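Visitor: The residues making up each chain are set out below.
Protein chains: 4
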Amino acid sequence: MRVAVIGASGYVGLELLRILSRHPGFEVCAVTSEQRAGVAVGDAYPSLRGIVNLDFEANDPAAIAGRVELAFCALPHAASAATVAALRRAGVRVLDTSADFRLRDVETYRAWYGAHPAPELIETAVYGLPELYREQLASTDLVAVPGCFPTSALLPLVPFLRAGLVSTDGIIVDSKTGVSGAGRALDEQFLFAELDENCFPYKVGNQHRHVPELEQEASLAAGVDVSITFTPHLLPITRGILTTLYLRPNQPISAEDAQRVLEKAYAQERFVRVLPVGQVPKLASVRGSNFCDVAAFSDLRTNNLIVLAAIDNLVKGASGGAVQSANVMCGFAEETALLEAPMVP
Amino acid sequence: MRVAVIGASGYVGLELLRILSRHPGFEVCAVTSEQRAGVAVGDAYPSLRGIVNLDFEANDPAAIAGRVELAFCALPHAASAATVAALRRAGVRVLDTSADFRLRDVETYRAWYGAHPAPELIETAVYGLPELYREQLASTDLVAVPGCFPTSALLPLVPFLRAGLVSTDGIIVDSKTGVSGAGRALDEQFLFAELDENCFPYKVGNQHRHVPELEQEASLAAGVDVSITFTPHLLPITRGILTTLYLRPNQPISAEDAQRVLEKAYAQERFVRVLPVGQVPKLASVRGSNFCDVAAFSDLRTNNLIVLAAIDNLVKGASGGAVQSANVMCGFAEETALLEAPMVP
Amino acid sequence: MRVAVIGASGYVGLELLRILSRHPGFEVCAVTSEQRAGVAVGDAYPSLRGIVNLDFEANDPAAIAGRVELAFCALPHAASAATVAALRRAGVRVLDTSADFRLRDVETYRAWYGAHPAPELIETAVYGLPELYREQLASTDLVAVPGCFPTSALLPLVPFLRAGLVSTDGIIVDSKTGVSGAGRALDEQFLFAELDENCFPYKVGNQHRHVPELEQEASLAAGVDVSITFTPHLLPITRGILTTLYLRPNQPISAEDAQRVLEKAYAQERFVRVLPVGQVPKLASVRGSNFCDVAAFSDLRTNNLIVLAAIDNLVKGASGGAVQSANVMCGFAEETALLEAPMVP
Amino acid sequence: MRVAVIGASGYVGLELLRILSRHPGFEVCAVTSEQRAGVAVGDAYPSLRGIVNLDFEANDPAAIAGRVELAFCALPHAASAATVAALRRAGVRVLDTSADFRLRDVETYRAWYGAHPAPELIETAVYGLPELYREQLASTDLVAVPGCFPTSALLPLVPFLRAGLVSTDGIIVDSKTGVSGAGRALDEQFLFAELDENCFPYKVGNQHRHVPELEQEASLAAGVDVSITFTPHLLPITRGILTTLYLRPNQPISAEDAQRVLEKAYAQERFVRVLPVGQVPKLASVRGSNFCDVAAFSDLRTNNLIVLAAIDNLVKGASGGAVQSANVMCGFAEETALLEAPMVP
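Residue numbers (the working numbering), protein chains in the order written: chain A, 1 to 345; chain B, 1 to 345; chain C, 1 to 345; chain D, 1 to 345.
In case anyone wonders, no lab produced these hints; they're calculated from the structure. Note that the structure is a prediction, hence the values are computed from the model and not measured. Errors might be hidden in some of the hints.
Short, incomplete list of chain C residues facing chain D, as computed with Cβ under 7 Å [unchecked claim]:
1. E197
2. N198
3. P201
4. G205
5. D225
6. T229
7. P236
8. I237
Built from N, CA and C at the ideal position, the CB exists for glycine as well.
For reference, chain A alone in the conformation it holds in the complex:
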C-alpha cells in the first residue's frame, strides 16, 4: 500500500520513516518538508542514508493524493487540519499526529488551540489508541493519534476507571519526559548546555494542552467527569515518558489486586506489558520500542494507589502508535513493523 509522510523532517516524521522502512505492507512514496524540499532524505538526515531513497518535496496535498492511499500527517497543531481536510476530500485515509482531531468538543479545542480549521471532520475521527478503540479504528478513514502524555497516562489509568475502583476527582498525573517531545524547536531551554544535568517542571497548575485530552478520555472510560492535575517535568534525556499516577482507591486495594486489574485489562494486548508485582517500569526498557510497561503499587497506610507507566514518546507515544493504528485500519497484523526489541543498553 502506497503511503505518504507529510511533515517528514520533524522528529515524529523521521521516526515514521524509521518504522515504515521495515514495514512489508506500506511503501513510502512521498515525503514532504517545506524546509528541505528538493533535498534527498539521506543528505538532510544522514542516519537514513541508504535506508530511505526519496527526495523531500513541498506539501501539496492535491498532488500527493493522487499517488497514495494513506497518509501519515505529522504537521504542527492547527497547520495540520487543512492538509488533513484536503487529503480526506481526495479520498486519502489519514493518520494525524497533531492535536487537531483529538478533542471531540470544538469549544474545548478553541479554548486551548484557537478556532478549529476543519470542525466538520471532528466527528469522523477515531482516537488512535487501539487498546481502547480497536473496533472503531478498523473502519475509520481518519485517526487522531493520541498525545504522548495521554498515551502514557491513559493506559495505566483506564482499567481502574472502567472498574470504578478509584476516585475520579483530582487524579494526580506526574509525568517525566524526554526532550524529543518538543521536537527540534530552537528554544534556549532545549540546548544541551541548558538541559544537561537539569530537571524542572513546566506548565504547572494544569496549563498543558494535554489536560483536556486526558480528561476527555478518562471521563469516557469512567462514565462520569474525571478531573486531573497534570504536571509534566522535563528530563535530560532524549526519548521516553515515565508517568506516575496517584489514585485514591474507593476501597483499599493491595498492590497484588491492583496488578491483577492491569493484567486482566491487558492480557490480550501485545504492546502493554504488565510487569511482575514489585518490578517498576523503566524508560530504558522501552527505548525505541512500541511497548508500554505498566505496574501498580499500593500504599495502604495512606490509601494511595501508585500506578506507573513507561513509553518511548516517539514510538508508542507518536509514530509507533500511528503505525499500530494504521495496521488496524488496513488489515495488517497489528504488530507489523512494531516488534523491534527495545535498544538496551
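The hints should help you fit chains B, C and D onto chain A, whose structure is shown.
Guide: Using the frame of chain A, we list chains B, C and D on its own:
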C-alpha cells in the same frame, strides 16, 4: 577551629572537603578512610590535588579526638553511631550526616534500620535544618544532618503545615533525584550504561527510609500526625533533587497567596530562595550551591496545591547543610563558605 | 537454522538477541548465562519481555551442541576458547566475539592475553570483517568477530594502505568510545556519577589489547609491517565509537581524491557509507545500526590526511558484525536483520 | 577596585560573575546585556539570585568608563574591538575574552575574521596566559584572553617546544570539547536531542579559527615556525576540553623524562597540575575550576609522544584565565578567587 572529616572518601565526605577548603574558620586536620588510609587525598582524588594537602588515615576516634574540636562524620548508617559516641565521650562536637540520630523514636529507628547502637545520644541530637532549628543548633554538641529528600520536601512543606492550610493526610511527595545520593555504590543500576537515558521510580509504596524522618518533622511542624506517600525517582544526572509536592488545601488558595506563605516564612533566610510567581525551580539553578529554590502553584479547578523545591543533594542536602549547621554551632556567620554561586551552565 | 547464544546476558549477548529476534532465518533455541541460569530472559532483562521467550541455562557446550547448528559465543576473552573448541568438536559452527581467535600468531596472543587455550583452532578461524574477508567467511566454520576499535579503524584505513598511499609508520588512531564496550563491569570509573560530564583517555602509549589486532590486519592490507599508535578515550555515552585517523600521505592528496579512494573501495558495500565530501561521521547517525560511516579530509598545508569513521560498537563493532558474518557463512542475504534504521534522535 | 562585565549574559560573562562574586578585591559595578537591559541579573538568570544584585544595562562604554577602573569584555569577535577601543580611550584597563587582540599579525586576523576594527591596539595587547607572559601582564592595560583550545594545547606543548625536544612540523592536536564553548547559540546541532549520545568532529582540516592563534604562540615558544593540524570534536558534555597532542620527539624520550619536562616547567605554577607518571587528565577532575591537568606518555615503539591536558573551558579556558590575568595586572595574589575546588562528582 580544628576539625576532622570522618569517612572523607565518600561523595559526602569529599564534598565536605570541597566546601571546607574555602572556609576561613575551620581547618581540616584529619581525614579518614578505611580504604584509602595512608594515601594522599590528592593522589586518590585528583580533583583535590593542590587543594587538600593531607593523607587519609584509618578511623580511630580516640586518636582523632585529641586533635580536633569538631568532627563531621560521614559514615554509613549504623556504622556512624559508634564513632559518634566515641567522639562525644571525648568531648568533640559532632555533625553526623548518617541517619543515626535523625529519628527521635528509637523504636521507629529499629523498624527501619535495626537496633540503635547509641540510643542514649538520641535525646541530645538536634535536627540540622537551621531554617527550623536555628536556636537549638547554636547550643548543641550533636547535630543530625537531615536526609537529602527530607530537606527538599520539608522546606517547601513546613510553612503550609505550620499555617494549618493543608490536609495532613496522605500528602504526596514525588521526588526526582540524581544518582550521587547513592554514593559510590557498585550496583549495576548505577552504571553509566544502565542509567544514561533512563529514569525510574524505586522503593515505591513508602518503602524508603526517609518516610519516617519526613513524617516526624512534618508532624512536629503541623502539631498533629501527618502521613505522607513518598515516591523517589532516579534521574540520569549526578547532582540534584527536585521535589514536587501535591497538597490539598483546606480552603482554596491562589498561587499568589501560596507564594506569599513561602515568602513570609523565608524572608530572612539566606539559602531558601522563593522564586517570583510563575517561575519554576530548576536543578541547574542550584547546582553546586547551598540554595533551596521553592515555588508554589495552584490548580483551583481540582483544588490541588503544587509546591516545588530544588536542591543540590550533596550541598544543601548533605555537606553544605552540615557546614551551615556547624556555622551556627560555632558562631560563624551562617553563610560562611556557602555563598558560592551555582555552577551554570 | 537453530542457533545458540552463549554468554547471552552481557551487552554483546543481549544485543545478539535483539538483532536475532528480527532474523527470519535464525531461530534462537538456547541462551546461556551462569549468573542467570534458570531465569526467564524477560524477567532478568525486562526490555526483552515479550520478545525472547526462553530461559537462560548454564553453559554446557556438549548439551547445546545437540540442539543447534550454529552458535554465537559472547564469553570473555580466554574463557571463550574452551567453549568454542567443545562446540567445534561437536560440529557446531561458531562465531566468537571474544579476542581468542583474532590474532594469527600464538606468541602475540600469549604476550597480550596469556597462554592460548586452543591454539590448534587459530588457523581455521577467519577474521569476521566481510568487507575484507567475504569469500573466506562463506566457507569457514569459525569466525573471530573483530574488536570494536579495529572495526572502526580498519574500515577507513585499509583502502589507503592497500593503495599504498600513506606512510605505514606510526599511524595515529585516536578513538572515542561509549562505555558499553566495557560491558557491565562493576568498576567505579563506569558509574554514572563518575563518567557523566567526564572524558579521559586510557591505556595511553599502546597498552590496549587491540593494538596487535590492528597492526596485524593493517599489515596484511599494506603488505608490509604497519605500526600504529592507538589512544582510546572514554566518553559519557553508552554506544558508539568515533575514530579519527591521522595519516601521512606519501604524495599530497586532496580531500576529494581521498574520498574517492573510500568510494571506490566501498561502492558495493551495504554497510559502509562514504559520506559526501565535507560531511563528518557522527555517532548519532549510526546509533543502533550496523552502518559504518566514513569520510576523509586533507590538511595539505601540513600534509596530514584525516580519515574518520563512526560505528555503533555493539552493532557493527560486535553483534551486528557477527550476524553479518553469520549471514555470509549460512548463505542468507548479507543484510538480513541488519538494515534497521539508526535510532535518531 | 570597581569593575564592569561587558556582555555579561553569555556563558563567559555569567562565569565571570560567578567567579568575581567571590573575589575580595574586585567589585562588579556594571553588567551589560543588550537583550536583557533593564532586567535584574537574578530574574534573568535564577542561579545568580541572591548573589549578584545588579540590573543589566545596555553597553555604553563612555558611561561605564566613568564608573570603573577595569572592564572584562565578553562580547563576540569583531563586535568586541570597538568597545575595547572606547574603554581604552577612556583610560579603563581591559581584559577582552574575544579573539580580537590575540593575533599579532593584522593580516592573519583579516584572513580569518575580516578587517580589524582597531588595529592600532594590537601592539599594546598582551596574550593572557600568565604561565607564559606573567611579567608583561603585570604592566599592560589590555589583555587578550586566550582561546579555550589554545589554552588547553599550549600549556602541555610549550615546554617541549622551548626545550627543542620535538618536531615542529605537523604537530597533531586532537581536542574534545564540551558544548558550552559555543555559547548559547540557537543552532540545531546544539540541541539536547541532537547532541546527547552523540560525538563528532568539526572544522576538520584546519578550518578552525584557533589554528593561527595556536601556531603563533607555538612558533614564539619554539623560536621557529610551527605547523599544527587541529581537529576539534564536540562531546555530549557541557564543560571541559580534553586535548591529546601527538608529538614526534627528535630523540626518543621516555614517559618519565617527558613528565620531568612538564614538572620542571610548572613547578612554581599554582594552576597547572602535572599528574604522577601514568595518571591521565580527566575532565571531571578540573570541572568548575581554574586548573589545567597535564601528563605525558611515550610510545617508544612508534616514537610518538602523547601529551594530554584537561581544562574547564569556561574557567581556565576563558573567565578564570581572565581573572587570573586581572589578578596579575592589579597586583592581587594570582590565585585570588580561583582556588575553588573542582566540583566532583
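Visitor: Taking the hints in turn, state whether each one holds.
Guide: Okay, the hints, checked on the actual structure:
At about 5 Å, the closest approach between the beta carbon of E197/C and any beta carbon in chain D falls short of 7 Å, and the interface hint on this residue holds. The restraint placing N198/C at the interface with chain D holds, with a minimum CB-CB distance near 4 Å, inside the 7 Å limit. Because the beta carbon of P201/C sits about 5 Å from the nearest beta carbon in chain D, less than 7 Å, this interface hint is met. A cut of 7 Å between beta carbons decides the hint on G205/C: the least distance to chain D is about 4 Å, and the hint holds.
Because the closest C-beta pair between D225/C and chain D is about 11 Å apart, greater than 7 Å, the hint is violated. Using the Cβ-Cβ criterion of 7 Å, the hint placing T229/C at the interface with chain D is satisfied: the shortest such distance is roughly 4 Å. Annotation: interface hint on P236/C holds; nearest CB of chain D at approximately 6 Å, less than 7 Å. The restraint placing I237/C at the interface with chain D holds, with a minimum CB-CB distance near 5 Å, inside the 7 Å limit.
The structure shown violates just one earlier hint, number 5.
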